[in-house]
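Asker: Residues per chain are reported as follows:
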Amino acid sequence: MPFVKRYLIPRLIQYFLVIWVGITVVFFIPRLTPNDPVIKMIDQMRARGSTLEPGTMDSIMEDLTEMYGLEGSWPEQYVAFWRNLARGDLGVSFFQFPAPVTDLVSNALPWTLGLLLTTTAISWILGNIVGGIAGYYTRRSWSRTLDAIAMVIRPLPYYIFAFMLLLLFAYHWRWFPVTGGASLGALPEFTWAYIQDVLRHSFLPGLSLAVLGMAVNFQVMKLLVQNVNSEDYVQYARLGGVTSARIVSKYVIRNALLPQITGLALSFGQLFSGALITEIVFGYPGVGMLLYRAILNGDYNLIMGITVLSIFGITTAMLIVDLTYPLFDPRVRYT
Amino acid sequence: MRTLIDLFKDYRFSVAFLVLSVILILAILSFSSPYDPTVWYVVPRDMKPSADHILGTDSNGQDIFWQATFAVRNSLIISLISALVSRVIAILVGMIAGYTGGLVDRVLMFISDSLLVIPLFLIMVMLAMMVREHMNLVVLGLLLSVFGWAWDARLIRSVVLSLRERDFTKTAMLSGTGTVKLVLKEYTPFTMPLIFSTLINNMSWAIGLEMTLAILGLVDLNNPTLGTMLNWAIVYHAILLERWWWILTPVILSLFMFIALYWLSVSISEYLDPRTRIQRVGG
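Protein chains in written order, with the working numbering: chain A, 1 to 335; chain B, 1001 to 1283.
It should be emphasised that the hints constitute simulated quantities derived from the structure, not laboratory data.
Hints may be right or wrong, so weigh each one.
Where chain B lies over chain A, by a calculated footprint (3+ residues, C-beta under 8 Å) [said to hold, decoys possible]:
{"hint": "1", "stretch": "23-31"}
{"hint": "2", "stretch": "144-155"}
{"hint": "3", "stretch": "268-274"}
{"hint": "4", "stretch": "298-306"}
Where a beta carbon is used, it is the ideal one built from N, C-alpha and C, also for glycine.
Whole structure, please, built from the sequences with the hints as guidance.
Answerer: Written out as structure tokens, the structure reads:
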């Protein structure tokens, strides 16, 4: 089984190593930075005006130390940290006490996944198709126009682009709601009215993610196709009288698509961060909003939980895409 | 001189050059500002643009035009620190990994791959939460630089890998040139275009991430940057109250800055080496 040995096993080892590095970084951040999270927490409680008796103060500090897993030496803490993770225990949120972090995240996750998966699929497929055709007919004027548009959209960060859409479509023209994931008081149910409501609310966040993603995929695919186009085998096929449609579909797109599959996997981290930021701009009730409220409240445990779960999610998504790669590239399958 | 004339033939370079010159002039103007950017209520609040205050004033009682000059300057400082320091890391890692190969290469590339995969934005949020009180321009720039080198190190490594196989490397080695001298003297000219274009890209990335952190309130909000200007405008509901002059100033400035930096990097790298285009868009 050369495929298992040369592709699958190294990829799985890499998967676990990356998770290990990521979680270890998360573990060390509060321990290597100059602030003590427990003292910070107490300060915040004071700033909110709660007066604390000296006795309760000590017990709160003890509780917090235990909750943060700050008891014992670093190696002990590190082992305890992993043991909790293995049990799926990420602690509780401080400001929505005693809601477990995993519950809060899993409530918000469907919203984020819905937004992220739809926009990624749309932008990857459309961006590659349009980019591929534009790369093949690179001298046509529409191809140049699209390229110029992509040149303007591509460098914009998620925040600025989402903000501009919000200003134009929600404040200026008032075509779409400014904030939220559904109308206030609407109960989640499987009716056309509710689905319509959700779609209307997620249209702008979705549009901003999809358009930015499309600009990137369009540009990369266009260049890839231009390069494949000048390869000898394409020239040869053309001279041999193979039809244009066949050249594009069988020779050019298939070869140009391979790096795009790897590119998709590599960009998951960025896409996810982008979705979080976009959610915050539009007040969309996913993980991004959860994160935003956690930042405002100084809910460090919740932020840490979101980060840990994101590392798992993103690396797993990458692994899945990478494992489908052999389906598209026979060279990986047989060597 | 010829190079410049050729570059100016590309409309993207000309536009980027013009926009960045204006932005640079704005940043320099901050040194002659009549106001201290950290002091509030020095001018009447919420004034529309007028002859006295050409971009109006905000709800903190600060002049928006002069505030913007400081914001541009500080954002540029952060991005320059981040870009320059992370360039040093990227060049070192890329050249060492590419030239040495073997285990060193694998370990270094594993670290940079991990950095690419981990959601950096969340890590930055955690770090910023922990060091909020110590956050200033330099600390922020350094924090960004620690995380901003991974992709560029990979690009530099791939160039060095191909250079290592070229004949002149063997000639130099056989004639007794030391490794360090070989890499520094012979390889630098080949990697320069790439280093320069990644420098510009990294600046724009740093400005973007700074804005994101500022909008989340995770930087020093008294020191104006493009991000903190936007943060204050959002906090005071400048959109709802239709104080467009306040919200649009940072939005439009950053818009022009991002596009100009990108066009500059694209036009220069295409001019220097048309083949790098693939690598550039991959970033």
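Asker: For each hint, tell me whether it holds in the structure or not.
Answerer: Now for the hints, and whether the structure bears them out:
1. 23-31: The restraint on the stretch 23-31 of chain A holds, since 4 of its residues have a Cβ under 8 Å from chain B and three suffice.
2. 144-155: Three-residue rule met by the stretch 144-155 of chain A, so holds; n is 4.
3. 268-274: holds (count 4)
4. 298-306: Contact hint for the stretch 298-306 of chain A vs chain B: holds, 5 residues under 8 Å.
The structure shown violates none of the earlier numbered hints.
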